[in-house]
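Trainee: Listed below are the residues making up each chain.
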Amino acid sequence: MLTGQKARELLQFSKCIQMETVRTIASIGVGHVGGALSIADVLAVLYGNQMRYRPECPDWDGRDWLVVSKGHAGPAVYAALALKGFFPMELLQTLNRLGTRLPSHCDHRLTPGIDITTGSLGQGASAAAGAALALQMDGKENRVFLILGDGELDEGQVWEMALFAAHWKLSNLIAFVDNNHLQIDGTTEEVCALGDITEKFRSFGWYAQSVDGHDVQAIDRAVDAAKAQAGRPSVIVLDTVKGHGWSAVAGKVGGHSRNISFADLKDALAEMQQALDAIGGETV
Amino acid sequence: MKVMKRFIDEQKDMRASYCEAMLELAERCPEVVALDADLAAAMGMKPFAERFPQRMIDCGIQEANMVGVACGMSAAGKIPFAHTFAPFLTRRACDQVFMSGAYARMNVKLVGSDPGITAQLNGGTHMPFEDMGIMRGIPEMTVVEPTDSVMLKALIPQLAEQYGMAYMRLVRKAVKRVYEEGTAFTIGKAVRVCEGYDVTVIASGFCVSEAAKAAGLLAKEGLSVRVLDMFTWKPLDEKAILEAARETGAIVTAENHNVLSGLGTAVASVLARKYPAPVEMVGVQDRFGEVGTLAELAEHFGLTAQHIAAAARRAVARKIGKEA
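From first to last, the protein sequence lines stand for chains A and B. Residues in the first sequence are numbered consecutively from 1, following my numbering. Residues in the second sequence are numbered consecutively from 1001, following my numbering.
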């Protein structure tokens, strides 16, 4: 259970992730802003409270892994990593410039703190399960966290992995679904309806929870409950809004990848700053 | 001499040799794990599963997930050998091999069985004439086809020791034995199976023994034929190819694969860039597979010693400016 102060800290961290995310994307003028903003809160809970890691030693043996299978959310992850000191903040401004260490999609080879290369949807799921299996096989206590998109669940590979992880009892695997209800061509309901995601995973043998994906207290509690599971993998379905935190984009089709002009940036930052100020408590 | 004087039919299936090599490797290398997609038994991996039950991951019929899991295990320090039928490994899981594996610079050894016409009665759906080409088109991928059990046993530890992605296509059943026990092989270095000066046959897989047979047929006609075993398709032994072109002046390629994306095109590309010489290509001429026995299919697709000999005659004729 988070203290009030800790919860405020996580909210502030989440807001900072969002602000750095839009700044980062604005630096090149275009990018996957919607699905990056929608995972800021879960990233804040993971990097702010739940994951073990050492920014000065990204490949530390004892770390928990994070696989962002919806690899296009890279900018939000980079913002979180920079804010936690994995690399200098200035690096964020190199997003998608030729030769950068911060490409559109997460790349283990290029970015300190990225555990698995992702980008082709569905593939991070299997890689996360493989890493979890290898760690479990070696009797290690590291956990593997996995962030899937809801649209990504259209990929059959996710469900292959869902069977596999339950079969191998990968209790060190904790997945999230960023259920922001939108994919590129429309709502998930319109494009290829997903049905009850939580129930689907449950029927695959997973410990499945569903929470408000913008409530850091609820996410944190769900992760605690997932960590307490033995003998089965966990999934936490996060009910989120694509583009959360920036009303010009939030919940709108077309916010998957879009241009961000200087005026857009000013608008987004003003709104986020206001939200940050409203959190109250000491600033971190 | 490392090449057998007379090639013999091996008594043991290649899969049995594969399992033995994997057991030997796993004993001394704790990072090695084996993955399969419901074909572990068909691959003869039962002894491995019995000896290392924790290290045999049968994923069920999920090629894409298997490759992804192997890549994740690699990221966590394992050295996975992942097997299934070649078409499903290279066609179905191509994007997983590419992104989760090669692009991510993982260390996974992919083993695709029943290459080309060796799929026999499983027919066209299971008969990959494109697996090596698909894999060869992926940057930094090592691509090999062991000729017999001696070579197979030599390649497995080399693949494990060399960090990076690799694809090996592998016949499961017994093949012709070409090499003496204990012969050493180096990935990327072709083996000169027959010496000769009029024409060179650059062959792979069962076409190596067919090429040697063709060399015997042509010797009776007074043609001296060099046979190169090009078991590594990538990195290709350009030096051996160029030497052959310079010293014999005509080239035949012979493969159990579509020549369009196969050894023929690969060799021709080296020659076109560096030392143009006539090339004749024995192999599958951009066709789909069919059901049949190995002998029937070899005849049907033109992959026998006679076909290689005919191609060699054509190549030699072109050398002196005459179409055969």
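A hint or two may mislead.
Per the computed footprint, the stretches of chain A lying under chain B, defined by three or more beta-carbons under 8 angstroms from a beta-carbon of chain B, are [stated by the list, open to error]:
| # | segment |
| --- | --- |
| 1 | 103 to 117 |
| 2 | 180 to 191 |
| 3 | 216 to 224 |
Residues of chain B clear of chain A, computed beta-carbon distances all greater than 10 angstroms [what the hints assert, rightly or not]:
| # | residue |
| --- | --- |
| 4 | Asp1095 |
| 5 | Gly1123 |
| 6 | Lys1173 |
| 7 | Thr1183 |
| 8 | Gly1249 |
Don't read these hints as lab results, they were simulated from the structure. Backbone N, C-alpha and C define an ideal beta-carbon position, used for all residues, glycine too.
Trainee: Say whether it holds or is violated: B:Gly1249 keeps its Cβ farther than 10 angstroms from all Cβ of chain A.
Mentor: holds (45 angstroms)
Trainee: Closer than 8 angstroms, Cβ to Cβ, for at least three residues: run that test on the segment 216 to 224 of chain A against chain B and report holds or violated.
Mentor: Violated - the segment 216 to 224 of chain A has 0 residues with a Cβ nearer than 8 angstroms to chain B, which falls short of three.
Trainee: At least three residues with a C-beta closer than 8 angstroms to a C-beta of chain B: is that true for the segment 103 to 117 of chain A?
Mentor: Answer holds; 6 residues pass the 8 angstroms Cβ test.
Trainee: Is it the case that B:Thr1183 keeps its Cβ farther than 10 angstroms from each residue Cβ in chain A?
Mentor: Nearest chain A Cβ is 35 angstroms from B:Thr1183, so the label holds.
Trainee: Under a C-beta cut-off of less than 8 angstroms, do 3 or more residues of the segment 180 to 191 of chain A approach chain B closely enough to confirm the stated coverage?
Mentor: Coverage by chain B is violated here, the residue count being 0 at a Cβ distance below 8 angstroms.
Trainee: Report holds if the minimum CB distance from B:Lys1173 to chain A is greater than 10 angstroms, and violated otherwise.
Mentor: Given that every Cβ of chain A is farther than 10 angstroms from that of B:Lys1173, nearest at about 29 angstroms, it holds.
Trainee: If we take the beta carbon of B:Asp1095, is the closest beta carbon in chain A still more than 10 angstroms away?
Mentor: violated (5 angstroms)
Trainee: Against chain A, does B:Gly1123 hold up as non-interface, every C-beta pair farther apart than 10 angstroms?
Mentor: Answer for B:Gly1123: holds, closest chain A Cβ roughly 25 angstroms.
Checked against the numbered hints given earlier, the structure breaks hints 2, 3, 4 and satisfies all the rest.
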